[in-house]
Amino acid sequence: KNEVEQSPQNLTAQEGEFITINCSYSVGISALHWLQQHPGGGIVSLFMLSSGKKKHGRLIATINIQEKHSSLHITASHPRDSAVYICAVGANTGNQFYFGTGTSLTVIP
Amino acid sequence: NAGVMQNPRHLVRRRGQEARLRCSPMKGHSHVYWYRQLPEEGLKFMVYLQKENIIDESGMPKERFSAEFPKEGPSILRIQQVVRGDSAAYFCASYETLIGTQYFGPGTRLLVL
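Sequence lines, in order, name chains A and B. Once you know that position 26 of the first sequence is 26 in this note's numbering, the rest is easy, because the numbers rise by one and skip nothing. Once you know that position 45 of the second sequence is 45 in this note's numbering, the rest is easy, because the numbers rise by one and skip nothing.
Where hints are given, some of them may not hold.
Said to hold, decoys possible - Pairs of lysine to aspartate or glutamate residues, derived as EDC-like cross-links and limited to a Cα-Cα distance of at most 16 Å, are as follows:
| hint | chain 1 | residue 1 | chain 2 | residue 2 |
| --- | --- | --- | --- | --- |
| 1 | B | Lys44 | A | Glu5 |
| 2 | B | Lys44 | A | Glu17 |
| 3 | B | Lys27 | B | Glu72 |
| 4 | B | Lys44 | B | Asp86 |
Note that these hints are calculated values from the structure, not bench results.
Could you build the full structure based on these sequences and the hints that come with them?
Printed below as a string of structure tokens:
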């Protein structure tokens with residue numbers, strides 16, 4: 001079993017829709033990260049969370065430490081949001097980061 | 001992210017050759033992580049380095065792979081006698097220890113023929 005599980009694996013949405021991507025983890029963490037990876041491209045860090053909620057533009061990330069769960073929301077989705085979104089956690093013991101397999105989002109105009 | 005440099009961006013090697021991947025972290029950062037992303041798979045931790053010190057190499061294959069981060073110059077991930085299964089994207093991340101944020105490089109895409 002992976003330390004980080006994401007759902008859904010693939011997601012297609014119409015432009016303007018509200019999108020939610022979920023992440024569950026099984027290890028104790030120091031922080032949780034949401035990353036964005038465009039096809040063939042690099043990786044951009046969107047958020048780092050250790051509690052509560054963060055907002056940046058149309059993106060909102062929340063984390064529930066007790067339930068070991070985080071969500072990434074995209075409001076008013078746009079085709080340029082099409083990318084793979086990756087949840088990653090930094091373990092609170094040792095130095096490792098664990099990654100989910102990603103959610104591939106396609107937003108259709 | 002701007003500031004973290006990896007080169008080459010694309011590397012083609014034949015089986016049995018050596019691959020050297022370089023990573024220059026952001027200015028002022030002295031820690032780097034290396035990750036491997038196999039096709040259709042998620043990122044996997046390989047090694048965590050501080051300048052002149054390997055902190056955690058528990059994700060590195062036991063043979064053929066090595067990493068270093070010298071006092072001067074970039075961090076290098078070295079793969080000897082490459083095999084087709086080594087074909088992947090290799091990302092390094094520059095690590096800001098106070099905040100705990102990683103800044104990813106653009107990756108090196110290795111193709112072994």
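Do the hints match the structure? See the list:
A hinted pair counts as satisfied when its Cα atoms are at most 16 Å apart, and Lys44 of chain B with Glu5 of chain A qualifies at roughly 14 Å. Annotation: proposed proximity of Lys44 of chain B to Glu17 of chain A is violated, straight-line Cα distance about 32 Å (limit 16 Å). Distance hint between Lys27 of chain B and Glu72 of chain B is fulfilled; the C-alpha atoms sit about 12 Å from each other, no more than 16 Å. The suggested pairing of Lys44 of chain B with Asp86 of chain B holds, with an alpha-carbon distance near 13 Å, which does not exceed 16 Å.
In this structure, the one hint that does not hold is number 2.
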